[in-house]
Structure formats: C-alpha cells, structure tokens
Amino acid sequence: MKTTTTVAPQVATAGAFRATRRRRTSRSLVVTCSLAVAVCALFVLTMMVGSFQLSAGEVIASVLQLREDPSVDFVVRGLRLPTAASALAVGLALGAAGTIFQQLLRNPLASPDFVGINSGAGLAAITGIVLLQVSGVAVSALALAGAVAAALLMYVLAWRDGVAGYRFILIGIGATLFFDGLIGYMLTRAQLSDARQAMHWLTGSVGQADASELRLLLGALLLLLPTAVLLQRQLRALELGDDTARALGIRTELSRAGLLATAVVLTALAVAVAGPIVFVALVAGPIANRLLGPATGGIIPAALVGAALLLTADLIAVHLLPTALPTGVVTGAVGAPYLLWLLATTNRQGAGG
Amino acid sequence: MTRLHAEGLTLGYDDQAIVTNLDVQVLDGKITMIVGANACGKSTLLRGLARLLKPRHGAVYLDGKALTEMSTHEVAKVLGLLPQTPLAPDGITVADLVARGRYPHQGWFRRWTERDDDAVTRALDATGTADLVNRPLRQLSGGQRQRVWVAMALAQDTDLLLLDEPTTYLDINHQVELLRLLRKLNAESGKTIVVVLHDLNLACRFSDHVIAMAEGAIVAEGAPTEVVTAELVEKVFGLACVVVPDPVAGTPMVVPT
Amino acid sequence: MSSSNNLARRASALGPGLAVLCVLLALVAFLSVTLGSRSIGLPEVLRALGNLDTDGSINSTVTLELRVPRTLLGILVGAALGVAGAILQGVTRNPLADAGIMGINSGAAVFVVFAVTVLGVRGAGVYVWFAFAGAIAALVLVYAIASLGREGATPIKLALAGVAVTAGLASVTTGIVMTNVETLNELRFWQVGSLAGRYAPVLTGVAPFLIVGLIASLGFGRALNGLALGEDMARGLGQQVTRTRAAAFGVVAVLAGAATAACGPIVFVGLVVPHVARFICGPDYRWILPYSMFLSPIVLLLADVLGRVVVVPDELQVGVVLGVLGAPAFVGIVRYGRLSEV
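Protein chains in written order, with the UniProt record's numbering: chain A, 1 to 353; chain B, 1 to 257; chain C, 1 to 342.
Worth flagging that the hints you see were computed from the coordinates, not collected in a lab.
Treat the hints loosely; a few may be bogus.
Computed, partial: chain C to chain A, Cβ under 10 Å [stated by the list, open to error]: (1) T34; (2) I101; (3) A161; (4) G175; (5) N225; (6) A228; (7) V267; (8) V321.
No farther apart than 16 Å at their CA atoms in a straight line, the calculated lysine to aspartate or glutamate pairs in the EDC-like style are these [as the list claims (entries may be wrong)]: (9) B:K30 / B:D159; (10) B:K65 / B:D15; (11) B:K54 / A:D243; (12) B:K30 / B:D208; (13) B:K54 / A:E68; (14) B:K184 / B:D159; (15) B:K77 / B:D116; (16) B:K54 / B:E7; (17) B:K54 / A:E253.
Just so it is clear, CB atoms sit at the ideal spot from N, CA and C, and this is done for glycine as well.
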C-alpha cells in the first residue's frame, strides 16, 4: 500500500511542478519578447515624430544605413538618434539597477533615486556648474565621480561585519538629506542663470546627452547587463536572507559587493548621461513583476520596462506638452500616481522595510 | 571520526565568546537534537557547525577537511541549513521558493535540468507540499509555511541537514507533524539531521541523540533514555521535576513537580 | 529590583535635567542675540533690551528688529520641529519618521511656487500662509493615501506614500520653475531653510500656531507610551488608537507646517533630536517630548549662530549647517544602533 501511495502522487507532483515551471518560463519568454518589441517600436516612434515627420520605414532605413538620403539622415542620425539612444540606454540602465537594488536591499523603496547615489551625483555636478563654471562632458564626469564616491562612502559607513541591507538604506537616506542640503546651498550661491542650468540638470533630461558619454554608457551596458544576468542567481539566493544564502553556498559579501557595484556603475553612468531622472528605477522592477508574476525579479524585463518608460516619458515631454520640459518632470508626474496606485492595490504587509 | 565534527570550537559575537572550547561529534545517519535553556549557546553552536559563524578558535571538520578551507559551494552540496527566521521576498510562490534550494547544484552557465526537476519533486512529495506549488508563501498557514521551508532545504539534496528551532510558532499538532517528517526523512534516506529544539519532551521522543548545553558548554550527551534524568533537567533548565517514561513511546518525559 | 531603582533614580534626575536645558537654552538665545556678522557689544545689547525701544542707533535696531525676532523664531521653530519629530516617530513606530520624509516640504514648496507664479504674491510674510497650507495638505494627503487598505497606515506605507507624493509634487514644482525664472529665484532661497530675512511679520504670523501646537503636544506623552507597545496592546489598554493617531497627526501638521512655512525645509533636527532625547530619558514619551522641545531649539540656534560666525560677513543658512552637522550624528545613530528601540 505504501509503495502505491508514494508512487502515484510523485507522478502527479512531478507533472504539477513541471507544468508550473513550463508555464512560468513561457510566460516570461512571452512578456520579455513583447517588451522588447514594444521598446523597439517606441524607439522608432520617437525618431518619427517632430516638426519634420518621418515614416517608420525611413527611420529604420536611415538608422541601419540602408539608404542614402542626406536630409533624412541629418534629422534621424544627426538630431534624433542621440536622444532616442540615450533614452533607451538610460532606461535600460536605470531599470536594471533599480530592480537589483530593491531585491538586494529587500525593500521596494530602496531604488538608487532615494538612497543617496543620485544626490551624490547631483552635488558633484551642481558644484561643477556653480563653482567651477563647467558644462557638457565635465559635468557628466563630475556626476559619475560623485555617484561612485557617494556609493563607496555609504558602503564604507554601512560596513560593520558586513553590510546589512537596512543599514545601507538608512545611511543612504541620511546621505540624501545631507547632499540635498548642500545642493540647496549651492543653488543660493549661484547666479540665476547658473541656478537655472543646475535645476535643469537636476531634473534630468535625456536630451542633454553628449555623444562620447552615450558611447560609454552603451559600451558599459553591453558589459554590465550580461554580468547582471549572470549574477541574478546569486541575487535570488540573497533575497532569502544572509543565513539561507550562505547555507546555499553563496559567498554573501562578495556577491553583494559585486551586485552593488554593477548597479552603482549602471546608475552612475545613467545619471552622468541624463541627470538624475526620478522614478524610472523605482517603478521598473515592480511593473516587471506585475507582468511576470510576483517575486520573479527578472533583471532583463525590468531593464526593458525602464527603457519603455523613459522613451514614453521623452515622447510626452518633448512632443505632447505645450512647452518642452525636462524628461524628469514627466517621469515624476507620471511615476508618482502609479506608485500610489500600486500602494492602494497591493495589500502590502508590514514586511520588507 | 564522524563526517561532521568540531574540535576545540570557540564561537562568539563581537567581543563576547558564547561557546567555548567544545568538541562535538555529529553521529552519521542519526537525528541529533541540541537542547538547553534560552541563551545557552545552542543556536550559536548550530550556526558554527553550519559555517555561518567563523570559529574564534578550533575548527569544524566536514569529511576530514576544515570548513573554513572548503569553498562555500562545495559545503553547500553536502550540508544544508534551515535558519530560525528565514526571509522570503514578497509574493514568492512555493514552486519558486523550493526551486531556489537547487542553487548549489547549478553553475554559472549550467541552468535548470531534469535532475533539478526530480530533486524539487522529491522534496515537495516528502513534505506533502505538492498541492501548494502555485500558492504564494504569504497565504499559507504557519505549519504549511514551515514545511515549504523544509522542502527548500531538502531540494538542496544534502546528506546533512541542520535546522534551527524549526517548530517555533507552530501548534502542537504541527510540531509533531514536522518532527515526524524529519524522522521519516532520516529513516528513508539515512540523512544526518541536527535540530535545535526548545521542547525537551519532543526532543526525547524524536531524537537518537541529545546534546544538553548550559552556559556555552556541553553538560551531557547520549541517547535520550540514558541522559535525560531529573538531575540533568535541574542542572540545565533549573527546573525541579520527575522524569517518567512516555506512556506511548517509553522515552523520557519531564513532568515538573 | 536594581533596575527599578535605576529607573527611579533616572526619573528623579530628569526634572532637574530639564531645568539645566532651560538655562542652556537661555544662554544660547543670548548668544544668538549678541553674535553675528555685525558684532554688537554686550552693554549695547543689554541697553537695547532694557529700553525695549530703538534709540535710533543701528546697533539697537539690529538687535531689536532683527536679532531678537530671529532668535524667538528660532526657538519656536526648533521646538516645533523637535516635538513634531518625536510625535511622528512615536505614532508611526518608525525611527526614521520625519516630516521631511513625509512630503511636507514638497507640499509647502508647490504652494509657494503656485502663489508666486499664479497669484503674483511676493514677500515672506504672505507666502508663509501658502507654505503652511501646502505643508498641511501634503501631510494629510500622505496620511490618507497610507491609510488605504486593510492594515491602515503602516510605517512602510507612510514612507512610500511620502516619497511618492514628494516626487510627484517636486515634478510639478520643477515644471513651473523651469518656465518661470523669477519663481526659481524666490524658491531657491526659501528652500535652503534660512532664518535670515524674515523675522517680525513671520514671527507674529506663525507664533500663535506654534505655541498652541506645542502646548497641545505635551498631552500626548501617555498615549504615545501606549502606542509604543504596538497597536493591539494599546487597544488592549483601552486606547482609542485611530482617534489618538488622527489627533497626533493634526498637531504634527500644525507644528511642522508652521515651522516649514516660516523657515523652509530644515532637515535632521526632527529626525535626530528625538533620538538624543530618547537616549537621555529612556523610552518614556512623557519625558521625551519636553526634552525634544528644549533640545531642538538649542541645536537650531547653535547651528544658526555657527552659520553667522563661520563665514563673516556672509552667512550660511541654518539648513545647510544642520545638514553638515546632522549627517554624522545620523550615521552614528544608525551604526551604533539605538534605532530599534522606538
């Protein structure tokens, strides 16, 4: 009797578990592919609209250099491609970095926007604009350095026999308040025109990208996104807490440092290219989870969601509003209600934060 | 020498040593339960055995090699652990959680295989959680949730399994159910199991070997029928009692006087 | 036994401790009146204070019309921020609860911007009222959003809602500011939280609110002690948790709203000082509240004086000084972990 009862459910279990896995795999495949298609479509769309309307065919032909048409090439490759590519790259980077932060620190609020990295970049950039009177690439370089320095500082300050997630978040919030205070001071010291330039930078805009920074970000993405995907396995184990992760054979501090470094570099480069654009990193992960099913935490889908969000925000900021505004204004105005909706609809437990 | 043992082990947090100079042999293929009053160092010892705590002095040996000299990946294939309060991401499903126990058997590029499927299936079956696979962990009862965590540790497919107070927050029925499950796993696959347990009566009933600790030292160890006496309970827990045979199993049962 | 003795000893020391703080506050206030980029001798200050009427000299005018109102405002605003922080941390049982984190500054900022651009309002004395309204609106909005759902306003939902509202409102603010340079100019000075330049009219405007709020806040000690044991326990002890919370939030909204309106966003005081008070008094809110009330203005005035003295003849805004000084204190609290004991 015993043998029959153990065999029968085993077959059923195996079936149920395999079916679950298969369903999930195919769902994530379908979602990821649709997202990729949507991102491509948006990418082309942002290059079609504007004062000089183009067809999808013309844009694609020009980008892929299939046809020679100087006027179209000028508009597409010269004017619109840099902005579109920067929206795409920044969105990918922010989406991936955001979801890594949230999972690693086990807190849905812990996106790089709110734990000091953006503020560190902002302070460095504003100091450059206001005190050193620099602009262009120098501002980006300063922002990059500021973001990395802020992350290192927070990591060191949070280190005490390892870096506990909650301590990193708290230090990050403290750092944000600190940097924001200094940014405010810098703004009062500035000439009004500098202050305006600084505010514009602080809001974040994909249109301000410089070709060399953009190339750097694209190169980094080619390197770091695969790294992030490779580290995803470690991330999934770390999500279960340090004890369980260690029991599963993870070198927790090393994995955490690697994941943090990946996310920080992605964020820093994104901030250097487009300024601190809020909310994309915060909501990309949760939206991807909504599409894929709870706690799936895919880095690639989150990155794609980030890109889709930013491309859409750029379309709205540049073409739909009466006066062109920085992209960050739109992501903030659209992201906030979304987060509120998320809060209202998910019955969140007190857990996780 | 057993597969897992410690020599001259001293463990502690910050500046404070909790467990000093212990020699422990974990009997192969048996269920060992560590008992003792609150804050006697029993969880610390378990964490040391599972290499969650680095020894101050001495060492823990697994198959003759010091744990600190082995790669964490290697250890994780042989030695599993269920912490006292494991954490789960919000909304995670049972299938996803149990599957994460397969981590040590996958490599950088070798992803999910048939063998992983089989191991997860066995773990789900053994714990009776197969019909829960699509449910979010959050919606389960305390007893179900604990069985799912055990399933995750089982999916890791290790010869040795350490559990830190797995019956906390469970009612008596689910406590017994979980301990029966551990007995079954031990009987069917010869797994070596170490459990830190609060309840002395349950420990006597379900273990082959008890280790009684007080103030960071081992006071007594051996088969429950031989070791657990009124004097020992007085010494370890400070409780005056008589020890009578359990009416069902005949194992020692502590009755306070 | 010995611990209850300790507690008794501690409690008996707390009363005199408060008196010591009073004296300290008086000293700091005196410093604040005398020190500044224009150094005024002690006799002159005393003479000006004694006459309570300007004799026409620049020094007595500075003392009576600038320094004294500025100091009084600093005391009131400091006390309000400290007490509001302590109450918020108690009510939400969240060691990092802070009016700033809950979106109060962004609410105030958006209303100020609105007043300047749309209504064409100018001058600190007038847009205080808009900032006040905006701060309260933001707090109420955040609290209402966080209360959605079955389990009510949990700490994490409060924080999330605060962040969301802040970001949303900040976008609106930036959107307006980017298209209107003059508004940017008004806003950026309001935003660093300076005590400079807005004394008498602001003081008379917000003082009644601050004083009433401060007096009302002292009644919350017992209720907060109950809430500290958890909502269920507080209910078990016969408290009306929902009503207590709503009332506490009302007081916080008035205190923090008026303070923010008067001086712009001043960070860290509301966050750090209650922790210091808790460190001194232990977990009893009946003591934490008055200690926060006296400690905060001491800290605020010291920061203000420091900002005036460090870069003579310029001055550093008090928000900047507090940011620089508060960050290490905050890091210390986080690292040496007394945070869990709220």
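A quick look at each hint next to the structure:
1. Residue-level restraint check for T34 (chain C) is violated (minimum Cβ-Cβ distance to chain A is 25 Å; threshold 10 Å).
2. Here the hint on I101 (chain C) is kept, as its CB sits about 8 Å from the closest CB of chain A, short of 10 Å.
3. Taken as an interface hint, A161 (chain C) checks out: its beta carbon lies about 6 Å from the nearest beta carbon of chain A, inside 10 Å.
4. Taking 10 Å as the C-beta cut-off, the interface hint given for G175 (chain C) holds, the closest approach to chain A being about 5 Å.
5. The interface hint given for N225 (chain C) is violated, since its Cβ lies 21 Å from the closest Cβ of chain A, which is over the 10 Å cut-off.
6. Interface hint status for A228 (chain C): violated, as the beta-carbon distance to the closest one in chain A is roughly 16 Å, over 10 Å.
7. Restraint check, V267 (chain C) versus chain A: the minimum CB separation of about 5 Å is within 10 Å; hint holds.
8. Checking V321 (chain C) against chain A: minimum C-beta separation of about 9 Å stays under 10 Å; hint holds.
9. Distance restraint check for K30 (chain B) and D159 (chain B): the Cα-Cα separation of roughly 11 Å lies within the 16 Å cut-off, and the hinted pair is therefore satisfied.
10. The hinted pair formed by K65 (chain B) and D15 (chain B) fails the criterion: a straight-line CA distance of about 27 Å is larger than 16 Å.
11. With a C-alpha separation of about 13 Å, the suggested pair K54 (chain B) and D243 (chain A) falls inside the 16 Å cut-off, and the hint holds.
12. Proximity of K30 (chain B) to D208 (chain B) is assessed by CA-CA distance (about 6 Å); at most 16 Å being required, the pair is judged to hold.
13. Distance hint between K54 (chain B) and E68 (chain A) is unfulfilled; the C-alpha atoms sit about 67 Å from each other, more than 16 Å.
14. For the proposed pair K184 (chain B) and D159 (chain B), the alpha carbon gap of about 14 Å is at most 16 Å, so the pair holds.
15. This hinted pair checks out: K77 (chain B) and D116 (chain B) have alpha carbons roughly 13 Å apart, not beyond 16 Å.
16. As the CA atoms of K54 (chain B) and E7 (chain B) are separated by approximately 13 Å, the hinted pair is consistent with the 16 Å bound.
17. Of the supplied pair hints, the one linking K54 (chain B) and E253 (chain A) holds, its CA atoms being roughly 14 Å apart against a limit of 16 Å.
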